[in-house]
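**Q** Below, each chain spelled out in residue letters.
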Amino acid sequence: MSYLTWLIPIALLMGATALLAFLWSLRDGQYEDLDGAAQRILLDDGEDRPAAAGGPRYSRPEPE
Amino acid sequence: MTVCCAPGADVGSARRWPSDEEVRLASRALSEQLMQTDLSVPSAHCAACIRAIETALLALPGVEAARLNLTTRRVSVQWLKDGPVPPFFATLTRAGYDAALYTHDQSEDDPEFGRLLRATAVAGFAAMNIMLLSVSVWSGADAGTRHAFHLISALLALPTIAYSGRVFFASAWSALKHRRTNMDVPISVGIVLTLALSLHDTLRNEPHAYFDAVVSLTFFLLVGRTLDHMMRRKARTAIVGLARIMPRGAVTISADGTREYKDVRTIAKGETLFVAPGERIPLDGTITEGRGELDAQLVTGEVEPVNAGPGDHVSAGMLNLNGSLTIRAEREAGESFLSEMIRMMEAAEAGRSGYRRIADRAASLYSPVIHTLAFIAFAGWMAATGDWHRALTIAVSVLIITCPCALGLAVPMVQVMAARRLFERGIALKEGSALERLAETDTVVFDKTGTLTLGDLRVAASTVPENHLEAAAALAFNSRHPAARAIASLRPDSRMAVEDFAEYPGLGIEGRINGALYRLGRPSWACRGVVSDNEKSMSALSCDGELAGTFTFADTPRPDAKEAVQALWEREFELEVLSGDGERAVAAVARDLGFERWRSAMLPADKVARLDELRGQGRKVLMVGDGLNDAPALSAAHVSMAPGNAAEIGRNAADLVFFNASLAAVPAALAIARRAGALVKQNLGLAVIYNVTVLPLALAGHVTPLIAAIAMSLSSILVVANALRLRGDTPKPVAAGRRAGKLAEAAS
Chain A
-5 MSYLTWLIPI ALLMGATALL AFLWSLRDGQ YEDLDGAAQR ILLDDGEDRP
45 AAAGGPRYSR PEPE
Chain B
780 MTVCCAPGAD VGSARRWPSD EEVRLASRAL SEQLMQTDLS VPSAHCAACI
830 RAIETALLAL PGVEAARLNL TTRRVSVQWL KDGPVPPFFA TLTRAGYDAA
880 LYTHDQSEDD PEFGRLLRAT AVAGFAAMNI MLLSVSVWSG ADAGTRHAFH
930 LISALLALPT IAYSGRVFFA SAWSALKHRR TNMDVPISVG IVLTLALSLH
980 DTLRNEPHAY FDAVVSLTFF LLVGRTLDHM MRRKARTAIV GLARIMPRGA
1030 VTISADGTRE YKDVRTIAKG ETLFVAPGER IPLDGTITEG RGELDAQLVT
1080 GEVEPVNAGP GDHVSAGMLN LNGSLTIRAE REAGESFLSE MIRMMEAAEA
1130 GRSGYRRIAD RAASLYSPVI HTLAFIAFAG WMAATGDWHR ALTIAVSVLI
1180 ITCPCALGLA VPMVQVMAAR RLFERGIALK EGSALERLAE TDTVVFDKTG
1230 TLTLGDLRVA ASTVPENHLE AAAALAFNSR HPAARAIASL RPDSRMAVED
1280 FAEYPGLGIE GRINGALYRL GRPSWACRGV VSDNEKSMSA LSCDGELAGT
1330 FTFADTPRPD AKEAVQALWE REFELEVLSG DGERAVAAVA RDLGFERWRS
1380 AMLPADKVAR LDELRGQGRK VLMVGDGLND APALSAAHVS MAPGNAAEIG
1430 RNAADLVFFN ASLAAVPAAL AIARRAGALV KQNLGLAVIY NVTVLPLALA
1480 GHVTPLIAAI AMSLSSILVV ANALRLRGDT PKPVAAGRRA GKLAEAAS
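Protein chains in written order, with the working numbering: chain A, -5 to 58; chain B, 780 to 1527.
Source of the hints: derived by calculation from the structure; they are not laboratory data.
All values derive from a computational prediction rather than experimental measurement.
Positions of the beta carbon are idealized from the N, C-alpha and C atoms, including for glycine.
Fair warning: there could be bad hints in the mix.
Just the calculated beta-carbon pair ranges, DEER-fashion [stated by the list, open to error]:
1) B:1244 - A:35: 28 to 36 angstroms
2) A:36 - B:1036: 49 to 57 angstroms
3) A:-1 - B:1461: 43 to 51 angstroms
4) A:26 - B:1274: 46 to 54 angstroms
5) A:36 - B:1240: 48 to 56 angstroms
Isolated chain A, as found in the complex (with noise of 0.2 angstroms):
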């Protein structure tokens, strides 16, 4: 019985997480354009932050 008093709150904790994560990336946008997310990996260079409500950050890229 002593080892589920340490394993239950441990799994809960774990999984509480999981689901704070999803809601931060959430309201973070990374939702927003799956199609591209999906896609941009292909390209490499360029930025790949999400474009939250405010608009894009993404900027100029750096002359090479």
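Following the hints, position chain B against chain A.
**A** Structure of chain B alone, referenced to chain A:
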């Protein structure tokens, strides 16, 4: 770099780019220095597109940032406010993409989607953890551990249901308030009763609790609901991203002669407006100065341009082809021809609001039966054993096991799949109920101009010899008149220089090529002494006063129009054309495409009246149309479709919008809707069979939480798997119908 693949949407080719003033009007200021403009780029669809578009825009001076969202197909550009407006449209066109200005509209903000996603995530988290605990209980935990696990489950389930269940509770409550019942009523009753009973049992340390069932049920239903919402959102963004047709603003001329670009909504009655060639009339009014030809296709459906001069009345939406017009606004944006259409649309929509979705109809049959059964079970066990707790447990287990998990997923999953299949074919479905209405359709009514035809003229016959043809094309290249555009497209690479070009509205164009004076236009004008019986549908070319030849024109049919009409006819739909154009033009197109019935010179109200008449005969009509004059008819029909290049008002009124030029979208949508309708019926049948099978178990009191969980998951998987069977290809026409014989006759 080159454009990688064929664009996904090919609506509207030769279009005018918005002016700088219009771009500024549609942009919003981000800070002191920065402006943000959103452009929709419907043909962007891959990684190479992202790079091509972003690189091209970032290379422009003044552009600070550019980011393409591939889901919404919109690119946000930030640029320096103080500098000139960067040439976005020219740049994107050079990169190979058609672009349109996009204005952010408050009504598109979608807080509901975020709410659904969060509710689903919370329910998913709780369902996983409770299931973890439940499996330990089912595999034989001792009494103390079981009690502890049930308590932890209760602690997880209570806030989860309170948070995630709101979606169902709110909808059920609003249905009950209006004395109706929908799918969410039995769901809510089931959830609340199960939760209450499980709490009671947990506190009394009973062996069974149904927390896992109630939370995973909520999770599954929310997944279905979220997918449903996502599909509608996708369709909506695709439609909103289409190019705007009605002007956003207009140039006003004040009494002292200063010109200013103003938002249409701020222009008052009596103001003087300037409309340059190639622009659309922004408001209803009267021409005070200038003369020109107006293309009224969108407003009345007539293909032939109208010649207008001072004193003539013009309606919002007409395209000014060649004159510089000064117009006195006679109505404000809120009361123009357009808003009259909107008023008619609202009146027409009343006829359709009686439609009830199939899931709600199923629920209204289902919930009284289930709730009565649960009550009978309770009463029966109460009478037999006198143990109210036992009786209540059995009544609730009846509710849980029959809880419309499968039913709640059966319809949305099929509709999500159907919407996906439609989207793959370039058709956006606005809401699920349209799919159900489409499946019932037995009559298809088409508008002519812009729907069956593209509204572009093409040269049907020409008697002009080869040596003059190039000159005619070069001359025609300078005019926006539809007839001239048709002639110019005969020799698109003509490079002959035209001098002294002049356009005479209503008559024709002239210019000097290699020293010779060419005139192209009305036969009687181009070449004195020539009289023709069909002055309007014919143009003559003259060289130094000598007749060189004539052109006759016809409306270009939409690609695949004939095949589409044929396919519909074979599948035994009644077909009809309702057009605002003249009898001769309508009859020619209708006969050519194989229609047996058509009506011409219909006003918007006539179209609605005809649709009402068809409804009175018990017909379910699909209306396909594009113009402003079709908008009321689109609302009045049982279900409606519009092409992507339709006027905004038509796109908004239609239930489905197709983006490809091909008319094959109509039979394809009908086929997919019918297949989806069949799958929905199968799924509802499966749900009924499942309920009939497990109900005796529940009534006999043999349902444990483990059995409930297995039965519910199995039924959900079954209906989802069945929904996934929906294919998107067009079926081969079956040559066994009533009309097959007639076809063979026609062929021989």
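**Q** If any of the earlier hints don't hold here, list their numbers in rising order.
**A** Per hint list: single violation, 1.
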